[in-house]
Amino acid sequence: MITPEISWLAILPELGLALGAAAVLLVEVQWKPRAQVLGMVVAGALTIALAFTVVQWIRAQDAVAGAGQLGDLVAFSRMILMDGFAVFGRFALLVTTAIGITAGWRLIEGLGRRRAEALALILLASAGFSIMVSANNLVMVFLGLEVGSIALYVLAGMTRSSSTSDEAALKYFLLGSFASAIFIYGVALIYAGTGQFEILAIRSFFSAFIVTSPGVILIGIALMIVGLGFKVSAAPFHAWAPDVYQGAPAGFVGYMAAVAKIAGFAAIARILITGLGDLEVNWLPVVAGISALSMVGGSLLALVQADIRRMLAYSSVATAGFVMTGVVGGATSGVLFYVAVYALQLVGSFAVVAAVSGPANSASSMDEYQGLATRSPGLAAGFTILLLGMAGLPLTSGFVAKFGVFSDAWSAGYQWLVIVAVLASVLAFAVYLRVVVNMYMSDAEGPTLEVPDTARWVLMIAAAATIIWGILPGSLLDLASSAFPL
Amino acid sequence: MLTWLILLPVLAAIIVSLVPSRRSELHLSLGIALAVLPLALAGYVFWAFEPVSGYQFIEDVTWYAPWGIGWTLGIDGISLPMVVLTTLLVPIALGASTSIEKRRKEFVVYTLLLEAGMIGVFLALDLFIFFVFFEAILIPMYFIIGIWGSDRRVYAAVKFFIYTAFGSALMLAGIIALAFTHAEQFGSLSFALSDLMRLDLPIGAERWLFAAFALAFAIKVPLFPVHTWLPDAHTEAPTAGSVLLAGVLLKLGTYGLLRFNLSLFPEASVDAVWIMGILAVVGIVYGAVVAIVQPDLKRLVAYSSVSHLGFIVLGTFAFTSGAMQGAVIQNVNHGITTGALFLLVGMLYERRHTKLISEFGGIQKSMPVFAGFFLFMAFASIGLPGLNGFVGEFLVLIGAYATLPVLAVIAASGVVLAAIYLLWAYERVFTGVPEKPENQNLADLSTREVALLAPLAALVLVIGLYPNVLLDKIAPSAEAVLDHVVEASGLVIPEPGRLADVFVTDGEGE
Amino acid sequence: MTELVWLVIALPLAGAGFLHFAGKYLREPLAGWLASAAIGGSFVVAAVAAVPFIQGGEHGTAVSLWDWMPAIGASMEILWDPLSALMALVVTGVGSLIHIFAIGYMHGDERFHRFFTYLNLFAASMLTLVLAGNYAMLFLGWELVGLCSYLLIGFWFTRPTAAAAAKKAFIVNRIGDLGLMVGLMLVFTTFGTLSYTGIFERAGDELTSGLATAIGLLFLVGAAGKSAQVPLYVWLPDAMEGPTPVSALIHAATMVTAGVYLVARSASIFELSTVAQVTVATVGAATAIWAASIALAQRDIKRVLAYSTVSQLGYMFLAVGATAYVAGIFHLMTHAFFKALLFLGAGSVIHAMNDEQDMYKMGGLLKKMPVTAVTMGIATLAIAGIPPLAGFWSKDEILGSAFERGGWFSVLWIVGLVTALLTAFYMTRQWVLVFLGQPRWDEGIEPHESPRVMTAPLVILAVLSVFGGLINTPLRLTLEHFLEPAFELVKLQHPPEGVGMFILLAGLSVLAGLAGAAAAYLAYNRSSDEWRGFEGGFEPLWGAWEKAYGVDDIYGRVIVAPGKRAAEAAAFQFDIPIIDGAVNGLGRVFRDLGEWARPIQTGYVRNYGALFLAGTIVVVIWLVAGGA
Amino acid sequence: MVEPILFVLMSMAALAGAVTVVAARNPVYSAMGLLGTLFSVAVLYVLQLAHLVAAVQVIVYAGAVLTLFLFVIMLIGVDKEEHWEEPLRYQRSFVAGMAGVVVLMAAGLTFFTDFDWVPAAVGGTDPSRTIGTVQAIAEPMFTDWVLAFEATALLLTIAAAGAIALAHYRRRPH
Amino acid sequence: MIVGAEWYMTVAAALFLIGAFGLLLRRNALIMFMCIELMLNAVNLTLIAAGRALNDLGGQVAVFFILVVAAAEVVVGLAIIVAIFRRRTTASVDELSELRG
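Residue numbers (this note's numbering), protein chains in the order written: chain A, 19 to 504; chain B, 27 to 536; chain C, 31 to 658; chain D, 510 to 683; chain E, 163 to 263.
Chain A on its own, in the form it takes in the complex:
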């Protein structure tokens, strides 16, 4: 009798999310309750998922410390891993999800009866990305990626209050599918070259064999980089990002962008650094090139945007480049720290955007922010902290994050990339300062904004995290550095 190898602990968080999604849908069908009830169901699912994630973390740390078997961290016939890296990524995803839902709560409420679908899709997307960060098998990565992405395509087109929302959804969908196809083709070629889908096995393969003419493997690596580069919106695979960020409902964009970045970078780091570390001489220059192009191009384009959401989109392109310097540096901790803090900042920023220009709206001109500091000082202050954090000013977590990845890249011998990066950071300052200028330095008067409490909470958490991890980064940095992949 052949039985499947089941490790419940490894999938309990995802299971919690999936069951939560199902519960939301069922509760909605059955009782058509108020939004708060659905919210509580979702909160329950997330709490359970987070709780099990903590348990996983303890297990992973114990295993590393010698209290358990490292083999325990490999589950489901080597399909997924429970190593610190995966758990950290999952935890970040779950927190981002919770905050993202809070930030988009007003939008969800406004969706009427479709709110259950929205909540279910969010939970499922998170489950998918959660699989992606923990997958050891490239097909699993692909599945997780698709689960997450398809859900996001739907979320992008969910409100359909304006024609741009349609446009965003279709563009996201077409290009996303294109990228997925390219990614899975890369996986197929890697499989053809190595006979393996498993990242750890691929690593063993390359440490055991020296492939003299790696042919398909190199093309496979290239295609995987491209496919994942799309997900994290690295240039030149970023073209979807501005349009989707602008067109999709503001209440969701922060969440969508943040989870895709977390999962995408987790996958990139695991595949490239863990799986293909022995071939880094081949892929490092390419990733460095993508990184540089993203940083410079993203910043330049962000500089000239008149719409804040496009600006944030291009700046996220630049951020993808910055995070990628950490990939070049070959240290996963820097990447994890960066995406974790950036995810919070992104969600918080879009909470502000949703508060200022309406959660379902897709136009959010910079001009709307004029005089925000007098109209809604708290909002402006919080947003400023987030913007400075994204810019990477000292005393914010963004600075620590940048410093970390730049250091890694420097130690990896990519000095030129660090220099490009620091100069691109200056461009990024200019980008974010424009918003601050609008908020603080224009005397435009206007009615006081009515800001939903949920947005306030999100902003407060995000801003506080930005400051606290900027001043005392040790706690999170320690976590990130003990969250290395197997």
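Note that these hints are calculated values from the structure, not bench results.
Just so we're clear, the structure is a prediction, and the values are computed from it rather than from any experiment.
Backbone N, C-alpha and C fix where the C-beta goes; we use that ideal spot for every residue, glycine too.
Please note that a few of the clues may not be correct.
Pairs of lysine to any residue residues, derived as SDA-like cross-links and limited to a Cα-Cα distance of at most 25 Å, are as follows [stated by the list, open to error]:
#, chain 1, residue 1, chain 2, residue 2
1, C, LYS521, C, GLY234
2, B, LYS381, C, ILE606
3, C, LYS521, C, GLU88
4, C, LYS54, B, VAL395
5, B, LYS462, C, ARG189
6, C, LYS594, C, ILE201
7, C, LYS397, C, LEU552
8, B, LYS391, C, TYR55
9, C, LYS521, C, VAL540
10, B, LYS462, C, THR188
11, D, LYS589, E, ARG262
12, A, LYS50, D, ILE673
13, C, LYS594, B, VAL442
14, B, LYS128, B, ASP177
DEER-style ranges, computed between Cβ atoms [stated by the list, open to error]:
#, chain 1, residue 1, chain 2, residue 2, range
15, C, ARG141, B, THR473, 20 to 30 Å
16, B, ASN467, C, ASP385, 23 to 33 Å
17, A, ASP90, D, LEU665, 25 to 35 Å
18, C, ALA612, A, TRP434, 41 to 51 Å
19, B, GLU376, C, ALA612, 31 to 41 Å
20, D, ASP623, C, ALA612, 48 to 58 Å
Chain A is already provided as a structure; the job is to place chains B, C, D and E on it using the hints.
Quick look at chains B, C, D and E alone, frame taken from chain A:
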């Protein structure tokens, strides 16, 4: 102790921010009252500081061990005067801000945060911490210029921010490089200045790193030709902003050159003497020449800063004891005099809402006390002996002559040019018959305004006549920097009085 | 007593400080008397402290006060030796008289107390200069007197001309100071200290003549600025915009002599360089005759005196250049007496004439103000070098020394002699124009003798002008003996010895003085038409003199205007468009790059796909090519 | 001898179908081209002994997916010929350029490098293992790959929920 | 005679490229979507050929999952297309270019 120096302003900022916005009358007075606390503490540190070389009141707490970052603070004779100056200027700057009506609370908060950052820069002995503070102060200053400035404030604020951030960007890369060099040579990352000073850098790398640091500091100073952010920032900034900008922020550049470039890259520093020296001297002359014809009083003072700070850079790179002490004390002097000049211009602006020289004339008639203070500070700035500006510039010039005679002589012409631009401006603003009706009945300085200026004026005199009050504490530390450079680079510093070393026999061949 | 010599500086300084803060609460004359008392007290202290030198045998002592700039060996210290004592006595003595005079002169001025604040501050500064024990402190005094000069010239700040003159004086002085400062750099680098005692004792051993020349010439630049020598004299005539007591004190008796004092004080350095000596003397002689010729044609009563001062300072430079230091200092002293007297007299006249300064609008004042007329007459004779008045002895010693030195100095001697003639001419012209002839003054002016408080100083100065020269006659060289300890390190130039030579030389100069005086009397003791015709006879030379050779104009066109144009070009054609333009341009480049790249995001999803695929192909090729 | 002939034929058919998808002006023809490709590829699967996959390809793809496509084509009424002009400037020349580069790269790889398609066989030695019978596929599918199999449940849930969310459309949502 | 895996993979690569270029050439969203299906088929063919050459069933198993993904994509994709069509009555992606810059 030193941590409290940084924390006190932060706490003050928090306290002020907790006062409800509608109690706007409280914010400023509360801010001033709280800003006196760091001043008192700094005063105590000054009093307790032993006049010997090396850092004192050292605090060293690991911040993040894996990166080798420590909360390492210490104070020596070079940073001590700057800290005291900072704590002194902040309450004065706040006191000069009564005319700020809009969003006063924020203003006070930003100013106090700025103070914390500035003190942090001077105290940091860990390059990471240093960089954090160095960059962080851009934010409050950016807001101060951008929110409470005059017409082109946004342009000036953004330019200030981006320009200086651009400079420090490469320094960040340099800091990372140093830390990793430390990891290569000693096995662990470290950002501590004392650790990094032990590095054995190849000369090529040392030059590149020197350049990266020097660019950051040169922009901050600002050195010709990267100075143009300064006139804009000064002109647009509110009075308090200008005072702190001129008084302290610019000194971060000269302080950085002295503290970091010289200590970390002694050999490259010696190699760069001519570049830095020529830039400094060009700045001295050029800043002064350009200042002469400025139509705006604040721009004029701003360009004069370019000129004055050239002396400090020249003194730093002259590598003689006198010049180095002169550079350090000139840091303080320029802060006091130029800070006071900006205060004065600000007071004038509050009365007339213009800073254009052509708008004035003959106002000594209606504002004799004001005119007196202005003239006093102008002469301090010109470098009149007996006032503080002279001590620094004279030490620099006399000291620099031994090693850089040509540059020192050209630099000396700056003192003539200073007289030209300041006295010409004084003539146009204060003398003659007040023809414009709005100039005829200007109110003279109030008691509050006199109280703001008086301590600065007193310091101008005290330092001018008895600079030992500072030089005693500066000298050992300055000597230590010099010794380090000499030791590391094998530089031979000609001793004054040893004619053969310094004076190449002239054409007469005797 | 020597230990308390710092009181000499401290008393007027305290006076200034007190008046600065409390002056406005004092009623009018009180402030003046207080200031006078301060400087008078200073005189008394100086006199008492100088007693040991008069008794002889004392070399002087250094009194150290406090460290100033230890890194360059500069401290606050006083060198109390015969030279500084003499200077201090002249400054405080003449200064006291002028203070007292000013009480009357400044009567009614709304900033009366401020004036005395400045006067006292000036006295303190000047005393700092002369009592300094090292060059740094000398420089301190040197600059502070410049400051006071600035404040006092521009005292009536509502007059644009006064303000401009003040600024001009300070800036021109500063140009000279630049030379002094560079000289000090050289001195410090050479000796490692700025202290007189350290320098002068070692100068002979450690200074090459090249260096001595360099230092000497640089000091000369500084001295020329302060003492209004060619080509930096242009500020002094303009400085007459200040109240007349200021002209008397600062721009005749004391401050302007600082250059002479500097050279005399640095005698040990000049001793080592003939080039420097000759240059100093030549500059002095040139200044003497240049300014004297200008003085010939001036109409403004104070301008005549101003150019006369320049000219007389030239004499002193001639003396110290010829290493006849005692003669130079002697002339400095006598000149202080009679030139102060002349200025005060002129002030008295101006006071009486309701601020009229044009001599062509005076005349016949002898009867209206006899004391002024007589005292000024005495001063005129003294400056003209008529024996046995003070000027005769000192001027004659200078000329004699130059003659004795021989060589190039003989030429300078002739120049000096001609200058003596011119001096006698223009001074007599002035006296005649003011006090003799028909009244030419405007309607409504009622000239009257000045009050006692003003005439008393005139009388005292007149007495000094008459007898002051007697302290150093060839018969009895009191002053020379007094000063000897201060110059023991150098070789002093003396006039030729022997009664015959003396009579010959003195006769020549007296002849020149008498000739000049007689010519002026004859030319000007006539109707105004006649002397105007006489002046017209010298055209175009007279016009050039009257316009002071147009030097101000030339400076304006050659230096000031191009300088301003250059500054404007630097500020508005270079700094803003080019330097700042580059910065803003760089910013714009990035914006433009962004704008340029924006159209890539066309909005067409198929374009995005093409971009995506292109990127993919590049990445594939890059990786494959890198791996192959 | 059957395999090479079938391979050549079916490859040609697959590519021809693919070209038809791209080139046909009528979407219905494109769909038919896709159908041809799917069938041809299914045959190629069979040639590679992947019998179950081939069957599923026919059932799921040709049977369900393609029907769905056709249904939508009819539903939204785009079953007419499209204009052949390219409205986007440079798009075609850019694509042609890229195609050229790809061809050049392929040629370069083939002729100038020892480019390996399949460098190493790491599976077992028993060739019968790879016969894709139902049982052979089912065994790994429900043991080693069971988690992936479960994950597809998420996918399908999303598809269902997403389709409802998107299609649930009111003219004015607010 | 056995045709080597490389031949199958070459055909797959050609198929993939035709799909990729087709996506860029057609403006009908439906046909673009078909092109993506072509690409996924190419991937499947690659996996199966490689699995056969490697003597490994993993390739064939993976194909199943890709099939499922493709199916799910089709459902959502067609839903999006239909939804858009309701509003705009067009399936041409070129008319969706409001978001740009």
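**Study point:** 25 Å Cα cutoff - pair LYS462(B), THR188(C)
**Key:** 14 Å, holds
Practice item. Would you check the hint for LYS521(C) and GLU88(C), treating anything up to 25 Å between C-alpha atoms as holding? Key: Given pair LYS521(C), GLU88(C) holds - Cα atoms ~19 Å apart, limit 25 Å.
Exercise for review: Compare the distance between the alpha carbons of LYS397(C) and LEU552(C) with 25 Å, and conclude whether the hinted pair is satisfied.
Suggested key: 20 Å, holds
Check your understanding: Does the Cβ distance between ASN467(B) and ASP385(C) fall inside 23 to 33 Å?
Key -> 28 Å, holds
Point to revise | 31 to 41 Å as the expected CB spacing between ALA612(C) and GLU376(B), which holds or is violated | key: Given a distance of about 35 Å, which is inside 31 to 41 Å, the answer is holds.
Review point. Holds or violated: are the alpha carbons of LYS594(C) and ILE201(C) at most 25 Å from each other?
Key: This hinted pair holds, its Cα atoms lying about 14 Å apart.
Review point. Does the hinted range 25 to 35 Å hold for ASP90(A) and LEU665(D) at CB?
Key: Holds: the Cβ-Cβ distance is about 31 Å, inside 25 to 35 Å.
Practice item. Sort out whether VAL540(C) lies within 25 Å of LYS521(C), counting only the CA atoms. Key: 28 Å, violated
Check your understanding: Range hint 41 to 51 Å: satisfied by the CB atoms of ALA612(C) and TRP434(A)?
Key -> 24 Å, violated
Check your understanding: For the pair supplied as a hint, LYS391(B) and TYR55(C), is the alpha-carbon distance within the 25 Å limit?
Key -> 19 Å, holds
**Study point:** Hint consistency between LYS50(A) and ILE673(D) [alpha-carbon to alpha-carbon, up to 25 Å]
**Key:** Satisfied, since the Cα-Cα distance of roughly 16 Å is no more than 25 Å.
Practice item. Quickly compare the C-alpha distance for LYS594(C) and VAL442(B) to 25 Å and report which way the hint goes. Key: 14 Å, holds
Checked against the numbered hints listed earlier, the structure breaks hints 9, 11 and 18; every other hint is satisfied.
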